[in-house]
Amino acid sequence: MPSSAPPTARALLALLVLAVAVAGGSPLGSAPQEPVEQIVIGGVTPRFAVPECVPRTPDERTQQACRTITQVLRNDLRFERLFQFVPDSLLAAVPPLDPDNPVFEDWQGIGARILVITRASIANDELTVEARVYFVDSGQTMLARRYSGPAHNPRIFAHQASDDIMTLTQYKGVARTRIAFTSDRDSTAEKQSKELYIVDYDGFNPRRVTVNGSVNILPAWSPDGQSLAYVSYRRVTPLVFLARIFEGKSVPNVTAERGNSQAFAPAFSPDGQKIAYASNRSGNMDIWVANADGSGTQQLTTTRAADTAPCWSPTGQEIAFTSSRTGTPQLYIMSNDGLNVRRLTRVGNYNDACAWSPARQFSEVAYTSRLQSGGFDIAVIDLATRQVRQITRGRGSCEYPTWAPNGRHLAFSCEQRETWAITIADREGLSLKRLATGPGNNVQPDWGP
Amino acid sequence: MPLLRHRQLASLLVLALAFSLAACGSKRRPPALASPEAITPGPSETGDMMPTQPIDEGPDVLAVEGEYATGSDLEADYATTFEEGSPLPDIHFDLDSAALSEQARSTLERHAVWLQTRRDVRVTIEGHCDQRGTVEYNLALGEQRARAAWDYLVSLGVAADRLRTVSYGKERPLDPGNNEQAWALNRRAHFSVSQ
Chain F
11 MPSSAPPTAR
21 ALLALLVLAV
31 AVAGGSPLGS
41 APQEPVEQIV
51 IGGVTPRFAV
61 PECVPRTPDE
71 RTQQACRTIT
81 QVLRNDLRFE
91 RLFQFVPDSL
101 LAAVPPLDPD
111 NPVFEDWQGI
121 GARILVITRA
131 SIANDELTVE
141 ARVYFVDSGQ
151 TMLARRYSGP
161 AHNPRIFAHQ
171 ASDDIMTLTQ
181 YKGVARTRIA
191 FTSDRDSTAE
201 KQSKELYIVD
211 YDGFNPRRVT
221 VNGSVNILPA
231 WSPDGQSLAY
241 VSYRRVTPLV
251 FLARIFEGKS
261 VPNVTAERGN
271 SQAFAPAFSP
281 DGQKIAYASN
291 RSGNMDIWVA
301 NADGSGTQQL
311 TTTRAADTAP
321 CWSPTGQEIA
331 FTSSRTGTPQ
341 LYIMSNDGLN
351 VRRLTRVGNY
361 NDACAWSPAR
371 QFSEVAYTSR
381 LQSGGFDIAV
391 IDLATRQVRQ
401 ITRGRGSCEY
411 PTWAPNGRHL
421 AFSCEQRETW
431 AITIADREGL
441 SLKRLATGPG
451 NNVQPDWGP
Chain Z
-17 MPLLRHRQLA
-7 SLLVLALAFS
3 LAACGSKRRP
13 PALASPEAIT
23 PGPSETGDMM
33 PTQPIDEGPD
43 VLAVEGEYAT
53 GSDLEADYAT
63 TFEEGSPLPD
73 IHFDLDSAAL
83 SEQARSTLER
93 HAVWLQTRRD
103 VRVTIEGHCD
113 QRGTVEYNLA
123 LGEQRARAAW
133 DYLVSLGVAA
143 DRLRTVSYGK
153 ERPLDPGNNE
163 QAWALNRRAH
173 FSVSQ
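Same order as they appear, the protein sequences are chains F and Z.
Quick note: to get the working numbering, add 10 to the position in the first sequence (first position is 1).
Going by the working numbering, the residue at position 49 of the second sequence is 31; the numbering climbs one at a time, nothing skipped.
Wrong hints could be hidden among the right ones.
Which chain F residues face chain Z? A few, computed with CB under 10 Å, are given here [claimed, not checked]:
id, residue
1, Glu62
2, Pro65
3, Pro68
4, Phe251
5, Glu257
6, Arg335
Hint data in this document are derived by calculation from the structure and do not stem from the laboratory.
For glycine and all other residues, C-beta sits at the position ideal for the given N, C-alpha and C.
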């Protein structure tokens, strides 16, 4: 558990991160590869050294697990762009590491200020990994953790270690989070189908969720990470289904649509108690809300225009949505009882698919915006200043943004060379990366807990 | 002109109606499926309106195991109504529009006549869009297109409970191409007929 970190060290690091967040200059004008935010100690940027994991036994399997852990841990820690790292070439200059007695002078010599040591052993198909994090200058332990579990997926051990190291900062790590999405990879020539998949945040470990061969779209995680709400056409009419994905059970037509009515775009409230969705039950597409079990349906919007695609504020007090009430689709915000509606987007003639940042540090909403060229890009609007920044630029068409749970990254889907792929960028639009989530067109990501 | 045609159509529909009433005697419904084992539909399932789906719908979702599971495909054993061989041709729409063109109205009028002579069939009207809009906007637009066709067919005397609308947005394009021709083909309402 995170609480194993010595409180003094954690408080110190958190303070330092905060200090930089206040003092930090604008990252936008700098070179794109610079970290956007850094920890500073005594006016100096501390650098992480993450040497190779040390196997406790020389067998090939343990060595292989160690190689995976080293690589995944480094990637996880780099992902947040909060830390700097000693270059690999300098790591090679350090004498062999004795993990029980690290010689901190060696690491000081190459400019490392924080040292992350990992060790691994495998016995009876069980992998045990130890991770220790030190302040190099004082030799003080910041974190010491042991992890054990089935040996066949060492990646999760590195992910857990990374998330624990992130508890030393003001941000929650996302290394163990998953992204749900829709894929057409199971389509055949005879039958088009779309099935839901989930994948680790880094694009590894894709797993299929729905198997019904119909069209299954618009996945939305429950905040506890146990369920996906989604829209399925398996009863012909599109309806909201709710699947407990680790049990393989689903509840059809959660919102109890009847007759001709259809339901789309489910979204859980942050406390998991409510589902907002779009339904044409009233004869027109409007925003509705129901309890998570589908009871207590309530209509929130009543205009003649189509109102769709609701998303919740992090407090659950407000809901943003798309409405064509002025003739073009634009984002609006209302209270969660449907009152106090006001328009959010004023730039552009086509804005859709809101995603409200869950982070308390940032008050912003991501969405899809059409450009004059006709393609779509991801944009973010700051709720305080109403300033808009463009996240994607010239990468083909991109749409359907979703935030990482800590609000530091966005995932969305982009079309390039006639193929749609899940793509990730940080909240400034830097370090765009296409995830290798498997074959087919992969769209409509929802970043889960 | 349109008024005249409507009148002709109306009298034709009345004739067709009378004929089919006399021919059929009583309206037949598909027998209710005795299905105690079926995945119980909600109390308001559309069973009254459309034929019930096959009894065993098969699984919806696969159980995902903790961190390690890899999914295996289970057999999905249910029928779809996605066949393209509909006796009722598609109608098409302009970009970003759910308005019925003169040609679309004319097509729907022929559909109404056919439907009055085939009172044993029910129709699912699918609203489709080209791929140039966003996912959710297109789902709303597809809903409006299907509803426009539904409204017009009902106004021509087709019983509302024989018709159902479904929006596919841009999720099931007829032509996956990315060009004007494909887009025009995909901006459509499709009529899926079942007995």
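Each hint, compared with the structure:
| no. | hint | verdict |
| --- | --- | --- |
| 1 | Glu62 | violated (24 Å) |
| 2 | Pro65 | violated (22 Å) |
| 3 | Pro68 | violated (26 Å) |
| 4 | Phe251 | holds (6 Å) |
| 5 | Glu257 | holds (6 Å) |
| 6 | Arg335 | violated (12 Å) |
In summary, the numbered hints that this structure violates are 1, 2, 3 and 6.
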